[in-house]
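Novice: From first to last, the protein sequence lines are chains A and B.
Everything in the first sequence is counted per my numbering, starting at 1 for the first residue and increasing by one.
Everything in the second sequence is counted per my numbering, starting at 1 for the first residue and increasing by one.
Worth flagging that the hints you see were computed from the coordinates, not collected in a lab.
Where hints are given, some of them may not hold.
As the list claims (entries may be wrong) - According to the in silico footprint, chain B covers these stretches of chain A (three or more CB under 8 Å from chain B):
| hint | stretch |
| --- | --- |
| 1 | 116-123 |
| 2 | 154-162 |
As the list claims (entries may be wrong) - If you anchor each label on the Cβ, the simulated ranges turn out as follows:
| hint | chain 1 | residue 1 | chain 2 | residue 2 | range |
| --- | --- | --- | --- | --- | --- |
| 3 | B | Val36 | A | Gly193 | 31 to 37 Å |
| 4 | B | Tyr123 | A | Pro40 | 52 to 58 Å |
| 5 | B | Leu282 | A | Leu318 | 26 to 32 Å |
| 6 | B | Ala126 | A | Pro327 | 41 to 47 Å |
| 7 | A | Pro40 | B | Met90 | 25 to 31 Å |
| 8 | B | Ala300 | A | Val120 | 37 to 43 Å |
| 9 | B | Tyr123 | A | Leu138 | 53 to 59 Å |
| 10 | A | Val120 | B | Arg319 | 46 to 52 Å |
| 11 | A | Ala316 | B | Pro183 | 39 to 45 Å |
| 12 | A | Pro40 | B | Pro183 | 35 to 41 Å |
| 13 | A | Ala316 | B | Ala126 | 42 to 48 Å |
| 14 | B | Gly42 | A | Ile11 | 54 to 60 Å |
By construction, the Cβ of each residue, glycine as well, lies at the ideal position given by its N, Cα and C atoms.
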Amino acid sequence: MTKAAESNRLILGSALLRTMIRIRAFEEQARAAHGRGEVPGTLHLSIGQEAVAAGVCSDLRREDTIASTHRGHGHAIAKGADTKAMMAELFGRTGGTCHGKGGSMHIADFSVGMLGANGVVGGGIGIAIGAAQAARLLGEDRVSVCFFGDGAVNRGPFLEGLNWARIFSLPVLFVCEDNGFAAFTRTSETTGGPGAAGRAEAIGIPSLRVDGNDAFAVHDAAATLLGRCRTGEGPGFLYAPTYRLDGHTIADRTPYRAQEEVAAHRQRDPIARLTEALSALGMNARGAVQYESEAQAEMNAAVAFAAASPWPDARAALADVQDVGAPQ
Amino acid sequence: MSELTVMEATRQGLLEEMRRDARVWCLGEDLARGGVFGQYAGLAEEFGGERVVSTPISEAMIMNVGLGAALSGTRPVVEMRIADFTLCAMDELVNQVAKVRYMFGGQARAPMVIRMPHGVARYSAAQHSQSLEAWLVHIPGLVVLAPGTAADCKGMMKAAIRCDDPVVFLEPRALWPTKGEVPEGEFVTPLGAARIARKGSDVTLVTWSMTVPSALAAAEAASGEGISVEVIDLRSLWPWDRTAVLASVERTRRLVIAHEAVKVSGFGAEIAAIVAEELGDLLLSRITRVGAPRIPVPYAPPLESEYKINADKILTALRRTTQARASSRD
Numbered sequence: 001m002t003k004a005a006e007s008n009r010l011i012l013g014s015a016l017l018r019t020m021i022r023i024r025a026f027e028e029q030a031r032a033a034h035g036r037g038e039v040p041g042t043l044h045l046s047i048g049q050e051a052v053a054a055g056v057c058s059d060l061r062r063e064d065t066i067a068s069t070h071r072g073h074g075h076a077i078a079k080g081a082d083t084k085a086m087m088a089e090l091f092g093r094t095g096g097t098c099h100g101k102g103g104s105m106h107i108a109d110f111s112v113g114m115l116g117a118n119g120v121v122g123g124g125i126g127i128a129i130g131a132a133q134a135a136r137l138l139g140e141d142r143v144s145v146c147f148f149g150d151g152a153v154n155r156g157p158f159l160e161g162l163n164w165a166r167i168f169s170l171p172v173l174f175v176c177e178d179n180g181f182a183a184f185t186r187t188s189e190t191t192g193g194p195g196a197a198g199r200a201e202a203i204g205i206p207s208l209r210v211d212g213n214d215a216f217a218v219h220d221a222a223a224t225l226l227g228r229c230r231t232g233e234g235p236g237f238l239y240a241p242t243y244r245l246d247g248h249t250i251a252d253r254t255p256y257r258a259q260e261e262v263a264a265h266r267q268r269d270p271i272a273r274l275t276e277a278l279s280a281l282g283m284n285a286r287g288a289v290q291y292e293s294e295a296q297a298e299m300n301a302a303v304a305f306a307a308a309s310p311w312p313d314a315r316a317a318l319a320d321v322q323d324v325g326a327p328q
Numbered sequence: 001m002s003e004l005t006v007m008e009a010t011r012q013g014l015l016e017e018m019r020r021d022a023r024v025w026c027l028g029e030d031l032a033r034g035g036v037f038g039q040y041a042g043l044a045e046e047f048g049g050e051r052v053v054s055t056p057i058s059e060a061m062i063m064n065v066g067l068g069a070a071l072s073g074t075r076p077v078v079e080m081r082i083a084d085f086t087l088c089a090m091d092e093l094v095n096q097v098a099k100v101r102y103m104f105g106g107q108a109r110a111p112m113v114i115r116m117p118h119g120v121a122r123y124s125a126a127q128h129s130q131s132l133e134a135w136l137v138h139i140p141g142l143v144v145l146a147p148g149t150a151a152d153c154k155g156m157m158k159a160a161i162r163c164d165d166p167v168v169f170l171e172p173r174a175l176w177p178t179k180g181e182v183p184e185g186e187f188v189t190p191l192g193a194a195r196i197a198r199k200g201s202d203v204t205l206v207t208w209s210m211t212v213p214s215a216l217a218a219a220e221a222a223s224g225e226g227i228s229v230e231v232i233d234l235r236s237l238w239p240w241d242r243t244a245v246l247a248s249v250e251r252t253r254r255l256v257i258a259h260e261a262v263k264v265s266g267f268g269a270e271i272a273a274i275v276a277e278e279l280g281d282l283l284l285s286r287i288t289r290v291g292a293p294r295i296p297v298p299y300a301p302p303l304e305s306e307y308k309i310n311a312d313k314i315l316t317a318l319r320r321t322t323q324a325r326a327s328s329r330d
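Here chain B stands alone, though its shape is the one from the complex (with noise of 0.2 Å):
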């Protein structure tokens, strides 16, 4: 094991696949600098600018060229910069690059991957810090990931590469400084698996992405009330891994979802559903979701805490769903 950043290893995931597969480039605005971030940094010296490609701010031009490089035999990486200016290629990433394989009646693949770093970070107000993770899931044809750790960020990166599907990786831009532990050598992090961050008895959460540190904050907390929560970090949200919330959900017998989206029509309102349908009758408690309320995201420090979801919101949500315990239901 050696310990990264999160952007660190994500650097890594691209730079191994990169070495690996000649296929393999990047393209997006400012990447010979090593990107706006430094997520790219030193890659442009290593493989030089025809694959590592500075562009114009363009990007429906980004995204569609991507997609006639990936049905031309190359295996592009599409940098939207951050996850609100997707909507700049939208049109090309719902219309032409999701659809390229079906609507030519399996003609073609589209091996892509879309990286979107989203959510909140560095007070950067409304246009900067969206989370639109459900309208991506929504789109038939995209697979999306949204993982929360360093080790996770570097074995996904590498399956998106070596997937043949166009891949949306969400990246979890405030967890970019911070550390975790990567194992050493190669591997690659299987799509659609959650990963069961904390074991637990009393209450299944499930979140991924930006929020699995506040997560695991708030489970920990919850432990010292004696509330054992076990947290899923679903990691991949299409396809996301049903088998492993229902078999959590059925032993604990409670479910929060907490996500820093939107609450409305967020991800967690296809999880609930899910699992109302499928394990309804035999929840202890109702389902409760942890999410933004329909607001902007704004700009002042007290403002934009009014928006985000944190470990004090999402325990809250694990007292008042195991509190129900004592009721009539039990």
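Bound-form chain A, shown alone (with noise of 0.2 Å):
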């Protein structure tokens, strides 16, 4: 690598690095005050891969959509949503994303293109794909990116989003993030085939493999495929396995998995191993420490602002239903 460009890495990883330290104080922050019992549903974490979600979206403007699954803070977050705002909507406060509607798995937020959390597995799939085709249809020059994890790809949406995609050869990059479980049960145990990708490509769409904890290599592989997306060529598939560290909702134990195989994985955490490829590139040592500090600073004052953010009034229960036939 020149200079030039270990500096330009440089730059990017450390973004990259920023962002991840961002998702990971603020799912921090969120399991903290669930367990003080100020969320009160449930939460599902990201913990463990926000490399996917930080990679990926570093590749995409404001104005490029995404939708998301019931697993979204991170990409909510790398995608430009407001922190304090988020954590709000945990709390189901009035300064919340949605006002206190929608909670953890419903956070939307369409200021910056994010169309939404999905509290159905694969349900973001089909809305990713519509966006686009209304980007085309408006003959804005956007792309549209859908998240899902392991679990959606043996939902039907997903065959038929991958074909759609293709037929039309729309700007769509699908996102399959494999943290190895779908909800308590190893996708391995309940998948045929060649995976995720395999599926893809026997469609026809393009796909790409990496390891979905190297922020650097879901960056580049995103890069190549959005690229494509964006001078027409068609839609692409990024295959990301990474791992869960925490449990599918904040009240599984994981009883399904022995402590050595998430200690291994504790190894593998993404942050720690960007922040050492970081140091390899000069970062200085203080780099991290500094993020560290600003997430905790920012997480901080998002609990705070949601803290002290009223609970809705209850009519606003009735508001947002509809305009025809509202509830009176």
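Both chains are given apart, each in its own frame, so use the hints to dock them into the complex.
Specialist: This is the structure:
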């Protein structure tokens, strides 16, 4: 690598690291707040999977759209959603992204092209494709990304969506974030054939397989596939195996896997790995520490904002259902 | 006025809106070939393949792609081919389309029309004949329309496309070839307003969609027997025109509801309940519902006619309800 290339790599990697540390800090604070009883519903944490969200979204513009999953905090943060509003949403407060109507599983921020987390596995796939189809119809230069997990590849909309994006040659990037588990079951036990990427390839969608815990690798592969989308070459598929260090939900103590297995995966923590890679590129030793303290300050402020935000007025339950035939 | 078939009137409504607003487009199976029944004839030729999109048989994707596009600045018309196939996209309709605005705290609108030809037609049996309006009315977030005349099919298609809510447009498939008067020029039919299809004073008959002609035929036959029937074509099931129904029943003090759907938990039950709650003490006879038995739609004509309501079955209900006139309650 030339000096200039190394310097660019360092700038990119630092941005990725900062995003990943912010996602981790957000979710750790959310977990703690849940423990204190401040988050009424459950949480699906993406701790250990941050490199996928950060790596893919680092290649997106604000006007590009993403559709996310029930494990979507990281995607939202990486796309630019405001963490105060997100935390307030988890708390169910008026200052939340959805004013307390959605909670963790429905965080959305249309102002940054985040078309919503989704409580239905695979539910975001068609939405992302539709956003791409609208972009074409309107003559807008946008691409669309759908994030989904390994569990989604056994649902019909996955197949329908791949085929649809292919035949209409839409600018859609499919990102399969394979954390090894579909809820409480190893996806390998429930998935036949050559796996997610193989299915995409069978339908004629070019795919790349990367280490989902390597933020640089995710970024590079996403950049390649998104570049094809932007030049009208059609959809791409990114397969990124990673590992879910926490449970399916916050209540899941993961009795179905050995602690040794989790410990082994902790050795592959994407944040530690990126920090190491950046040190090798010459990142100042204080760099990661500084990101860490900034992220903690940001998330402390987010929690304080959420806790100080009022509960919604009960009558707000009747608002925003529909214009015609709205509840009285 | 011009005389148009129900199908042609509906097609004209869509055509006019597509000419008026470049954000309107349609997607569904076989649309570039005019649609499976010809409802889209000529549209692909005028608007091209990007606005009249022939899709794979992928109902879930048709619905959710429509949603994603509705969230992104366009106004899609989603074709389900027939109502029964909507069940392959029910997650997308109920969990996504109907809820995005609410669960995202009002950030989003899903201005889309979901077309569903419904009901018994052409001996199509159990999986191509259902009337599922009660399921759909039950879902918060959806507007549900069920017009039964050519003029309303045109005017309500136009209103549905202009509406910012997701609108289910139930089409009276059996009535497609029938003709009706349609006003010339631009008109949009208001959503949520019933139409008094026939004035009367002895009994109110509430109906909608494909049952409107049978209801009118029954009312005509009843008038020969001295029974004056007021026929209300609801047209819109959510919202439904409570004001018009209650005002009519307040005068007639009798109510019959007729719909092709299975009677058990059909939408007629909701109307009966509201009228009973609001006007129960005023009624001269018990509310009567006419609907299908709780069976799948059968194929053979004699079996199908056991399922399907008709003017005779409605007339029987009208007679029974009005015979109570002589009862002790009068």
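Novice: Identify every previously stated hint that the structure contradicts and give their numbers, smallest first.
Specialist: 6, 9 and 12
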